[in-house]
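2 protein chains.
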Amino acid sequence: MSKKVDIKNLQIGGGNKIDIQSMFNIKTEKVQEVVSQILRLEHAGCDIIRVAIKDQQDALAIKQIKDKISIPLVADVHFDYRLAISAIENGVDKVRINPGNIGSEDKVKLVADCIKAHKIAVRVGSNSGSVEKEFLTKYGKNEISLAESALLRVRQLEKYGVEDIVISAKTSSVPLTIKTYRYLAEKTDYPLHLGVTEAGTKEMGIVKSAIGIGSLLADGIGDTIRVSLTADPVEEIYAAKKILRAVGIDKNYAEIISCPTCGRTAYDMQSLAELIYQKTISVTKPIKIAVMGCVVNGPGEAADCDIGIAGGQGKCVIFKKGVVYKTLPEQDAIQEFLKEINEIAK
Amino acid sequence: MSKKVDIKNLQIGGGNKIDIQSMFNIKTEKVQEVVSQILRLEHAGCDIIRVAIKDQQDALAIKQIKDKISIPLVADVHFDYRLAISAIENGVDKVRINPGNIGSEDKVKLVADCIKAHKIAVRVGSNSGSVEKEFLTKYGKNEISLAESALLRVRQLEKYGVEDIVISAKTSSVPLTIKTYRYLAEKTDYPLHLGVTEAGTKEMGIVKSAIGIGSLLADGIGDTIRVSLTADPVEEIYAAKKILRAVGIDKNYAEIISCPTCGRTAYDMQSLAELIYQKTISVTKPIKIAVMGCVVNGPGEAADCDIGIAGGQGKCVIFKKGVVYKTLPEQDAIQEFLKEINEIAK
Chain X
197 MSKKVDIKNL QIGGGNKIDI QSMFNIKTEK VQEVVSQILR LEHAGCDIIR
247 VAIKDQQDAL AIKQIKDKIS IPLVADVHFD YRLAISAIEN GVDKVRINPG
297 NIGSEDKVKL VADCIKAHKI AVRVGSNSGS VEKEFLTKYG KNEISLAESA
347 LLRVRQLEKY GVEDIVISAK TSSVPLTIKT YRYLAEKTDY PLHLGVTEAG
397 TKEMGIVKSA IGIGSLLADG IGDTIRVSLT ADPVEEIYAA KKILRAVGID
447 KNYAEIISCP TCGRTAYDMQ SLAELIYQKT ISVTKPIKIA VMGCVVNGPG
497 EAADCDIGIA GGQGKCVIFK KGVVYKTLPE QDAIQEFLKE INEIAK
Chain V
197 MSKKVDIKNL QIGGGNKIDI QSMFNIKTEK VQEVVSQILR LEHAGCDIIR
247 VAIKDQQDAL AIKQIKDKIS IPLVADVHFD YRLAISAIEN GVDKVRINPG
297 NIGSEDKVKL VADCIKAHKI AVRVGSNSGS VEKEFLTKYG KNEISLAESA
347 LLRVRQLEKY GVEDIVISAK TSSVPLTIKT YRYLAEKTDY PLHLGVTEAG
397 TKEMGIVKSA IGIGSLLADG IGDTIRVSLT ADPVEEIYAA KKILRAVGID
447 KNYAEIISCP TCGRTAYDMQ SLAELIYQKT ISVTKPIKIA VMGCVVNGPG
497 EAADCDIGIA GGQGKCVIFK KGVVYKTLPE QDAIQEFLKE INEIAK
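Protein chains in written order, with this note's numbering: chain X, 197 to 542; chain V, 197 to 542.
Just chain X, with the same shape it has in the complex (with noise of 0.2 Å):
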């Protein structure tokens, strides 16, 4: 099990609830715009939210946007170690830096004391444009080069006593980023945040993130997470739900069982599977639904559902655990379905 870190009011790591990360597109001493989308991102699900921090207004911004928020905010600092020490004296509640280009060791230095003294965390890792040159000559460009640069940045801050550090290390590339986290989880102990970086556009974007992060977090490898995209930042929130619920991790909602309907399917199952999908969408306690094409393997395969429908001819039955518990006309089954999904979710 991974070290715990601590980032304000959450625990990162030891086992803790994986956190929902994600960064947003506005300048960040534009504090009133930050400040409401910081909000719609924690109303959406969002955990931890980051910033970039680019020039001395928006250090100094922290202060005000940390004054209205209840989330953990992480200053995204890069080239310039003063930022970095402006946004921890701000108040930030964690940093993100790459002491490789953060400038020369004593400025290093500077920024672990700061982050010392002011007790919060730091994430250091590596992506593909930050992999150290002796790592990519000794061993090309794979995981090794990849997770040694980040083990790198780790000692480096290790060396000046700084001890709640997260780790990244990110690609555009799926089966690298699979690669490399493995690696990292062999050889350490700090908490891991997964991400595939560049991930693209909306739709392909998820489909890159879901494999490389939902294939991690299946083998139980990783901490926090961020899916990056290439759209509104609360599509990402939306993604991270639906891949820690595709991986089992968050159990908290009415997961809709239903199958790909096939020439058995005799009534029109795929607008009652959206139907319900819609109408449960908000609810927060643990029921397994299914919405089955027919009789054949819908009661047997859903057996483990706390309720399900499946039908044809103009009949549906109801079942309950795989035993079927009802029989009625279609429309009939269907409004009954929904009641007794309402009694089952209260």
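Hints are not guaranteed to be accurate.
Note that identical chains are pooled: a pair holds if it fits in a single copy or bridges any two copies.
[Unchecked claim] No more than 27 Å apart at the CA atoms, straight line, and that leaves these computed lysine-lysine pairs for DSSO-like:
#: 1; residue 1: K475; residue 2: K398
#: 2; residue 1: K329; residue 2: K517
#: 3; residue 1: K516; residue 2: K334
#: 4; residue 1: K517; residue 2: K334
#: 5; residue 1: K517; residue 2: K375
#: 6; residue 1: K337; residue 2: K447
#: 7; residue 1: K383; residue 2: K522
#: 8; residue 1: K398; residue 2: K447
#: 9; residue 1: K437; residue 2: K375
#: 10; residue 1: K337; residue 2: K481
#: 11; residue 1: K383; residue 2: K329
#: 12; residue 1: K199; residue 2: K213
#: 13; residue 1: K337; residue 2: K213
These aren't lab readings, by the way, just hints derived from the structure by calculation. Since this is a predicted model, take the numbers as computed values, not measurements.
Position chain V against the provided structure of chain X, taking the given hints into account.
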């Protein structure tokens, strides 16, 4: 590496291309409708199509359907060995049966003999609803009982000399799917048909299928895939293609690497990324295109892209393989970028 199984003009397994399958939702005897749906799916990229055979009318329709399509046709038959035989005699290229529900041992032998006589392939397997009771009792509901149920059916057919077998083991649980196929890949060298069954409505189904199928493919497991969605089957094909691209198996397309935008982004990158995605959707040549939010990380992180753009403050840089090639005002740069992409795509 898995064994190779011939299905009409295709080879499944043995390191051949990962074939995309679908199944559709029209009664098989409606030949006209079925054919037009198959042609639509084939156009979208479907390699193999499965139909449900529920009665003799469906079985007899196979001959007429096959006359009008070119991709292999698979018959899905349950409960009635005579339908399986009829489907085979009517020229189907592969059958998907469950020897456990097709009838007594002598009937399984009759079907097996028919499969051999017609030199066609067969898919057998298990799903959550068809796990053998003895394995459920012995192992509980897990990857072992699911996989061993599938392997029992394989041995049942092997006994009668059937060799061209493809195996599936489907559940609606993503982690269980991953574990079961890993187990099967250890135990057998028959080709594996991957899928997450009852994956649900489109949005959630894509995420579940991406994780389940994609993580196995990324580890080199799986020879043919079916994305099951409660949606238009053509959506299954699109999702399957995205999965094959995301894991790097299908490289013949324009891959868009785009960063998730942040406070450093100073131009409308999101629209540009979507525009490039739409403009390059039919490219069938492997091109890697980067659309990046800023010059800070852009060229470096996208150094392996054939071409990329990064913007800010009214100006954009176009870079090739990480090296800045042109700096132009935003609108000119976008035009130039599109022109360059067309050149490369030729």
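Hints, verified against the model:
{"no.": "1", "hint": "K475 with K398", "in the structure": "both (24 Å within a copy, 15 Å between copies)"}
{"no.": "2", "hint": "K329 with K517", "in the structure": "between (58 Å within a copy, 17 Å between copies)"}
{"no.": "3", "hint": "K516 with K334", "in the structure": "between (59 Å within a copy, 25 Å between copies)"}
{"no.": "4", "hint": "K517 with K334", "in the structure": "between (57 Å within a copy, 21 Å between copies)"}
{"no.": "5", "hint": "K517 with K375", "in the structure": "between (39 Å within a copy, 24 Å between copies)"}
{"no.": "6", "hint": "K337 with K447", "in the structure": "between (38 Å within a copy, 18 Å between copies)"}
{"no.": "7", "hint": "K383 with K522", "in the structure": "neither (55 Å within a copy, 42 Å between copies)"}
{"no.": "8", "hint": "K398 with K447", "in the structure": "both (25 Å within a copy, 19 Å between copies)"}
{"no.": "9", "hint": "K437 with K375", "in the structure": "both (23 Å within a copy, 22 Å between copies)"}
{"no.": "10", "hint": "K337 with K481", "in the structure": "between (45 Å within a copy, 23 Å between copies)"}
{"no.": "11", "hint": "K383 with K329", "in the structure": "within (21 Å within a copy, 42 Å between copies)"}
{"no.": "12", "hint": "K199 with K213", "in the structure": "within (13 Å within a copy, 42 Å between copies)"}
{"no.": "13", "hint": "K337 with K213", "in the structure": "between (33 Å within a copy, 26 Å between copies)"}
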